[in-house]
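Participant: Residue numbers (the working numbering), protein chains in the order written: chain A, 1 to 112; chain B, 113 to 224; chain C, 225 to 465.
Keep in mind that the hints were calculated from the coordinates and are not lab data.
Beta carbons are placed, not taken as given, at the ideal position from N, Cα and C, and that holds for glycine.
Capping the alpha-carbon separation at 25 Å, the derived lysine-lysine pairs in BS3-like fashion look like this:
#, chain 1, residue 1, chain 2, residue 2
1, A, Lys84, C, Lys418
2, A, Lys8, C, Lys454
3, C, Lys454, C, Lys362
4, C, Lys336, A, Lys84
5, C, Lys324, C, Lys336
6, C, Lys462, A, Lys8
7, C, Lys454, C, Lys363
8, C, Lys305, B, Lys120
9, C, Lys347, C, Lys363
10, C, Lys454, B, Lys119
11, B, Lys120, C, Lys294
If we take Cβ atoms under 8 Å as the criterion, some of the chain A residues that face chain C in the derived model are:
#, residue
12, Asn3
13, Glu6
14, Ile7
15, Trp10
16, Leu11
17, Gln78
18, Glu79
Label-pair restraints from in silico Cβ distances:
#, chain 1, residue 1, chain 2, residue 2, range
19, C, Glu408, B, Val145, 52 to 62 Å
20, B, Ala198, A, Phe57, 31 to 41 Å
21, B, Trp144, C, Ser308, 43 to 53 Å
22, C, Val269, A, Val91, 47 to 57 Å
23, B, His203, C, Gln229, 43 to 53 Å
24, B, Leu190, C, Gly293, 27 to 37 Å
25, A, Pro86, B, Leu190, 23 to 33 Å
26, A, Val91, B, Glu199, 36 to 46 Å
27, C, Ala355, A, Phe57, 51 to 61 Å
28, C, Glu230, A, Asn3, 53 to 63 Å
29, B, Glu199, A, Met18, 16 to 26 Å
30, A, Asn3, C, Phe334, 15 to 25 Å
31, C, Glu353, A, Val91, 56 to 66 Å
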Amino acid sequence: MNNRLEIKLWLAHRLTGMALGLFVVIHLITMIIVIQGGLSAAEIMERTSSNILVALFYGLFVVAAAMHGSIGLRTVAQEVLNWKGPSLDLVLFIFFALLCVLGVIAIIGLVL
Amino acid sequence: MNKNRDKKEYWASFIQRWSGVVLALFLPVHFWVLSLALQGGDVLDGFLHWTDIPIVKFAEAGLVGLLAVHLLGGVRILVIEFFRWAEWQSHLVVVAGGGAFACGLLFLLRAF
Amino acid sequence: MSSQQEKITVSIWRGKEEGDLESFEVPLVDNQTILDLLTSIQRDVDPSLSYRFACRVGMCGSCAMRVNGKPRWTCRTLVSKVVSNGELRLEPLANLPVVKDLVVDMAPFFDKWQAGKGRFEAKDSAVMEFAPIKPDNKKRQLADAAIECINCGVCYSACDVVESNPAFLGPAALNRAWSLMNDERDGSSIERLKAVRGEGGCQSCHTNSQCVARCPLQLNPTRSIAGLKKQVAIAMLKGEL
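Chain A with its partners taken away, still in its complex shape (with noise of 0.2 Å):
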């Protein structure tokens, strides 16, 4: 089991990056037309508020962005720092449950 670990990792971190390529080439887009003139919680709200498409598209960005970086930060941790193991599979699996807890909460924030 352990043997497939490592290429499972390595496929769900590019498929979170295939998924991430469009989230974010939408985000970007997004970010760069609406920052003209400042931001302001009035201006943002006023575009998430009830919008259970914000909603779906930010939940579904949040888990992907949590998995594709839990995994990325594991890899460097373990060619950096030499950290491998169960202690290091721990301490990313609770910065991926920590990502999406925060990402959610502020999409409930934004949206309702």
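With chain A's structure known, arrange chains B and C on it following the hints.
Facilitator: Structure of chains B and C alone, referenced to chain A:
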């Protein structure tokens, strides 16, 4: 000790890795700031006023640049790994670098 | 030879993992290869210097070592081309145990070659007819592009991932696995894909391409490994692995 650094692909990987690390560590902060919306629009606004300071706009443009370079660098990796090898793919490094710079610049121009 | 010949300082690694660079002042000789230089130092200056070579004409890869930090074949490198500021530094190949001075233990390199199933295994059925493989056969062309590797270890020494991930099979082993994946006579494709997708498998390659930069035969392990990644991904999604 001088090592081999004689290919642009090495720097492409280097930038891909470290832009990813910065973005991954930035994400929780980003989500937390947005979640301030839960505490009311004025609390979020209080934080967003920081974004009027020029140096913050530069930092934001920097982050946009990092996101763009990581995205374009990621597209390069996906092309190499999932398409048949072709010589034109070696130009994707330059596309990634140039495209990301353009993105950051565009954001900066609109942010002011 | 002119007595006013320009001198250069050659720093050579002495010892094992623990050791030091020892300096030798030698004349800069035109058309001298680094292998020639090492031989002259060993014969005329210090007989205790250890280094490897065999064919001395760029066919066997035995003389591979680091020259000013970059792995090369010493028999095919002119001193005059690589000396800089009158200095030259010679060290054993990186990422392999040092036996003595410039000699490394190649066993881990070959162990990984085997671990990546870099050996041909015929299909089970008895051969009744010759397998007709035409020159324009796409798979054969892919195999041919990767087949010339003589396992000299230069790519292994150059690879950053080999350095940072002890389990990584390395460019040479994976390049050979790829050439065999394209050999239609071979019967162990699935086993080979399993061998190159474990810990340290093809997915660990970050396309840094130092292997491509240094290979004396201009092979492209990055390209081969990219091919393996695709084959592994497809096999996984099909449930074959």
